[in-house]
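> So you can see what is in the structure, the chains are spelled out below.
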Amino acid sequence: MAQIIIKNVRKEFGDFTAVQSSSFTIEDGEFFMLLGPSGCGKTTTLRMIAGLELPTSGEIYIDGEEVGQKPASQRDIAFVFQMFALYPHLNVRGNISYPLISQGMKKAQVKAKVAEVANILGIEDILDTPVGGLSGGDRQRVALGRAIVRDPKCFLMDEPLGALDAEFREHMSEELRALHDRMNATTVYVTHDQLEAMQMGDKIVVMNHGVIEQFGVPQDIYDWPATMFVANFIGSPPMNVLHFDGAVQEGAQAVEFGGARFAIPQQNEGAAGNLVFGVRPEHVTLSDNAPYRGRVEAAEYLGTTQIVTFDTPNGKLKARIDAETIVSPGETTGLAFDPRTVTLFDAASGRALKSHANMGVLGNG
Amino acid sequence: MSFSVTEPSSRTKWFAGTLVILYAIITIMPLLWIVATGFKSPSDAIAYPPKVVFEPTMEGYVNLFTERTRATPEMLEEAGPPETWYDEIVREKGMVISGESRYGQRFLNSVIIGFGSTALCMLLGTAAAYAFSRFRVPLKDDLLFFILSTRMMPPIAVSIPIFLMFRQIGLNDTHLGMILLYTAVNLSLSVWLLKGFIDEIPVEYEEAALIDGYTRMQAFTKVVLPQAATGIASTAIFCLIFAWNEYAFAVLLTSGTAQTAPPFIPTIIGVGGKDWPAVAAGATIFLVPVMVFTILLRKHLLRGITFGAVRK
Ligand SMILES: Nc1ncnc2c1ncn2[C@@H]1O[C@H](COP(=O)(O)OP(=O)(O)OP(=O)(O)O)[C@@H](O)[C@H]1O
Ligand SMILES: [Mg+2]
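Line by line, the protein sequences are chains A and B. Residue numbers are given in our numbering: position 24 of the first sequence equals residue 24, and the series is strictly consecutive. Offset between the second sequence (1-based) and our numbering: plus 365.
Don't read these hints as lab results, they were simulated from the structure. Remember, predicted model here, so these are calculated numbers, not experimental data. Accuracy of the hints is not assured; some may be wrong.
To be verified - Okay, derived cross-link-like pairs now, DSSO-like style, lysine-lysine, Cα gap no bigger than 30 Å in a straight line:
hint	chain 1	residue 1	chain 2	residue 2
1	B	Lys505	A	Lys106
2	B	Lys587	A	Lys107
3	A	Lys70	B	Lys505
4	B	Lys587	A	Lys70
Claimed, not checked - Anything over 12 Å on all C-beta distances counts as not near chain A; from chain B, calculated:
hint	residue
5	Thr383
6	Ile411
7	Ile576
8	Trp641
What the hints assert, rightly or not - Some chain B residues flagged as far from chain A (calculated, every beta-carbon gap over 10 Å):
hint	residue
9	Ile391
10	Trp398
11	Phe511
12	Leu575
13	Val588
Quick reminder that beta carbons are idealized off the backbone N, C-alpha and C, glycines included.
Input sequences plus hints: build the corresponding full structure.
Shown next as structure tokens:
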């Protein structure tokens with residue numbers, strides 16, 4: 001198993017830059033998520049790690065060895081494709097043993113190895129069936145079997161659950177995570193589903209338009225987004241962003257807008273102009289006597305909680321509050337925000353302003 | 366069972382079945398007539414009204430494969446009694462066998478040239494189609510259009526330049542010349558058809574093979590080729606049928622050593638113009654290789670001939 005280091009890696013297709021100079025490190029044994037919207041360069045990044053695409057510039061280290069320009073066959077990695085890529089002319093056993101045969105392994109040994117993998121994945125009973133008629137889940141397991149049978153340095157998975165229906169995804173994602181914990185193999189996993197990333201990942205890289213927006217553990221990325229893109233991409237509903245014109249000084253502990261004053265974490269940098277006040281829905285509370293007012297537009301009941309949408313002077317705002325609280329559309333109430341969780345952004349650059357609270361996290365990125 | 370979208374009603378099946386059988390009868394009649402004529406005597410072959418029931422004879426086949434001369438009594442004396450069944454047939458007509466005809470050799474030419482050009486065409490076509498399908502080839506679209514455009518006029522339209530060219534470089538009446546010519550004519554078809562088939566194979570299969578430790582070449586032979594087998598088989602049949610049946614170029618460019626069967630068969634009829642059974646026998650035998658080849662590849666053909674509508 002191995003550590004993977006991505007260093008200043010860039011990828012251009014003709015005039016188009018699919019991945020801008022990117023750097024991050026995937027530690028040995030980590031379950032690592034590459035997260036971002038469609039077309040942001042996740043697959044391209046993963047394929048560069050695999051050696052299916054060679055970077056235009058930059059270095060890739062797997063297990064300390066620079067492999068940036070090496071072909072895939074020399075990297076000792078396993079790749080699980082989105083559409084599984086099972087060889088249709090082989091049966092399940094044939095598919096799983098394929099990588100072993102390419103290494104010239106002895107027949108008996110191959111047999112034992114395939115049996116072991118089939119046991120791990122619970123697919124002993126379908127070993128001799130053709131792959132054509134398999135269900136999505138079984139195809140997925142066979143694809144995983146082909147990946148793990150070889151004990152590679154790491155696993156690369158490109159939206160491996162993308163082809164499954166929602167219910168089954170849930171189940172398979174647990175199975176995958178359990179498998180990972182059991183084998184402790186470095187895994188790089190591409191997804192555009194932020195929930196999946198948050199649930200499964202040890203660490204997450206958030207990408208957008210070929211640029212790495214943020215890199216860190218799920219909790220940090222959720223609590224302290226480095227950019228407005230991340231704030232908006234992670235969480236459902238996402239972080240509220242209230243636009244206002246104003247200024248904050250370095251060391252400030254409050255901002256003023258909309259006729260109210262809000263406490264914020266102590267700022268490490270000042271800014272002025274078009275600013276953004278970011279707060280997660282669960283950190284909004286209703287408070288009758290708060291000076292900042294919002295009018296209730298709609299309430300979405302979710303069982304124990306509800307999502308209430310407010311119209312405020314600085315735009316729409318969603319609050320996640322107790323389902324028991326009674327709100328009725330049209331009424332106006334006061335809104336308060338948990339001062340410890342607020343992030344300010346510079347609207348022009350989309351960057352989070354550094355504060356005492358997010359310092360440690362943004363320092364990484 | 367009630368109405369179903371995929372399962373035709375029994376009435377529809379009957380109707381479709383009858384249509385197919387009718388069509389089969391219409392297309393197969395001339396073929397059966399030729400096969401039958403091969404076993405008729407020359408007079409039966411030209412009898413009017415045509416004979417459907419006749420006494421079969423091997424005379425046509427014997428005439429096809431032999432050279433014969435009219436026998437004088439001394440010659441018959443010298444030769445002694447007929448030794449084989451075909452000797453006997455010839456003697457009955459007052460002739461003796463003077464040698465082997467050239468049909469066998471012409472037939473062999475057809476085999477060499479037909480299968481040779483098909484093999485070469487598949488080799489080049491698969492390689493080109495793979496490259497067009499998988500690699501970034503500069504001017505790809507223009508090249509593909511150019512390749513297709515070679516079929517936009519009938520090949521025979523360029524027969525005169527080809528004739529002169531072949532004469533100049535000594536390819537006239539050679540196996541190599543004919544193989545190259547038929548390959549050139551068929552290549553555009555095979556590149557286009559095969560590209561379609563290879564496009565259908567997800568590139569992930571090869572990438573999976575690359576990651577599993579195979580080289581690009583191994584990925585091609587072990588993953589792409591087996592999956593393109595259907596396409597290759599059906600394309601090969603098209604190429605073979607063209608090369609096998611081609612007449613115009615063969616007449617123009619071959620006369621001896623490399624002459625194929627199609628231009629030779631009409632010459633069997635001889636000066637008197639009455640040996641139709643021998644011609645029919647020649648045509649019948651000529652049909653066999655393509656039929657066998659097609660039957661051998663039948664399994665692939667059924668799926669392949671729907672042009673890429675391969676099930677996923
Ligand atoms: N071989 C290629 N040639 C040209 N452009 C490419 C190539 N491969 C990818 N791209 C472009 O690079 C960008 C990033 O592609 P990539 O497949 O990495 O996105 P992704 O994040 O995986 O998206 P998705 O979620 O849709 O899979 C896209 O705009 C895509 O069109
Ligand atoms: Mg992708």
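> Hints first: check each against the structure and report whether it holds.
Do the hints match the structure? See the list:
no., hint, in the structure
1, B:Lys505 - A:Lys106, "violated, 44 Å"
2, B:Lys587 - A:Lys107, "holds, 19 Å"
3, A:Lys70 - B:Lys505, "holds, 27 Å"
4, B:Lys587 - A:Lys70, "holds, 22 Å"
5, Thr383, "holds, 34 Å"
6, Ile411, "holds, 55 Å"
7, Ile576, "violated, 5 Å"
8, Trp641, "holds, 49 Å"
9, Ile391, "holds, 38 Å"
10, Trp398, "holds, 43 Å"
11, Phe511, "holds, 23 Å"
12, Leu575, "violated, 4 Å"
13, Val588, "violated, 7 Å"
This entry does not satisfy hints 1, 7, 12 and 13, going by the numbered hints stated previously.
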